[in-house]
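The hints should help you fit chain B onto chain A, whose structure is shown.
Chain residues, written in single-letter form:
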Amino acid sequence: MTTDAAKAAARDKLAALRNGFATRLRERVSELEDAVEAACSRDDLGVHRTESLAHQLAGTAGSYGFVEVGELSAELEALCQAGFNPDVARSLIERLWTALGRP
Amino acid sequence: MQISKGGGGLVAIRKVVLCDDDPDIRAIGEISLRDVGGWDVVCVNDGFAAVDAARAEMPDLILLDIMMPRLDGPGTFAKLRADPQCSSIPVVFMTAKAQSHELRGYTDLGAAGVIAKPFDPLTLPEQIRALVEKQ
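In order, the protein sequence lines correspond to chains A and B.
My numbering applies: residue 1 is where the first sequence begins, and numbers increase by one.
My numbering applies: residue 1 is where the second sequence begins, and numbers increase by one.
It is worth saying that the hints were derived from the structure and are not from the lab.
Heads up, a few of these hints could be off.
Stated by the list, open to error - With a straight-line Cα cutoff of 30 Å, these simulated BS3-like cross-link-like pairs (lysine-lysine) come out: (1) A:13 / B:15; (2) B:134 / A:7; (3) B:15 / B:134; (4) B:79 / B:15.
Unchecked claim - Here are some chain A residues the structure puts well away from chain B; computed CB gaps all over 10 Å: (5) 31; (6) 37; (7) 44; (8) 48; (9) 98.
No experiment lies behind these values; they were computed from the predicted model shown.
Idealized CB from N, CA, C, for every residue including glycine.
With the rest of the complex left out, here is chain A (with noise of 0.2 Å):
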């Protein structure tokens, strides 16, 4: 196992790797938001593509430190995968506009 001094070193990188992520998680926030749309026109297409791209940020962003984006992608992959309901939809892309900071 590394030292301290390596685990120290690990956390700066990954601090460094976490603003990157962070100036693109509004892209992925904006691509999801795409898809729930063409969800919300009853495009079943769009239903797979946001359990898809729900399913990797829910899995990427808790990695980064984005806890709250994390669970509400999984929350809305849950909504794909139990009966899509376009106001739930809409309304869990708004709660992660408001956890990325846009009003």
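The following block gives chain B in isolation, referenced to the frame of chain A:
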């Protein structure tokens, strides 16, 4: 295929193949496994590349995402198990779907274990080591 060298360590795991189609997971996983775990890391982005990397690199462990296009985690695992060269390499799955019945299913396939996403990059190597030692 991307290879990064770690500092080695006092454990049996020295080289890991990390397979995930998400570049952000590969990036954070690589730092975790190499800089925290001290392991050499081979990163690949799909199941077919994982099988090629396993044959070429003979890693001590393969960390395998489950949901991937073209060839998913279980499909990749089946190919690895069917290849005499790679069949004994321990495989740990990673998934954002971590319901308990699903976890049992993956270990019933013969995997060493399952890591749930999101994971903590500072403790991921420790989690993996615990799974492999348990097996």
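Results for each hint:
{"no.": "1", "hint": "A:13 / B:15", "verdict": "holds, 21 Å"}
{"no.": "2", "hint": "B:134 / A:7", "verdict": "holds, 25 Å"}
{"no.": "3", "hint": "B:15 / B:134", "verdict": "holds, 19 Å"}
{"no.": "4", "hint": "B:79 / B:15", "verdict": "holds, 20 Å"}
{"no.": "5", "hint": "31", "verdict": "holds, 14 Å"}
{"no.": "6", "hint": "37", "verdict": "holds, 23 Å"}
{"no.": "7", "hint": "44", "verdict": "holds, 18 Å"}
{"no.": "8", "hint": "48", "verdict": "holds, 12 Å"}
{"no.": "9", "hint": "98", "verdict": "holds, 20 Å"}
In terms of the numbered hints stated before, the structure departs from none.
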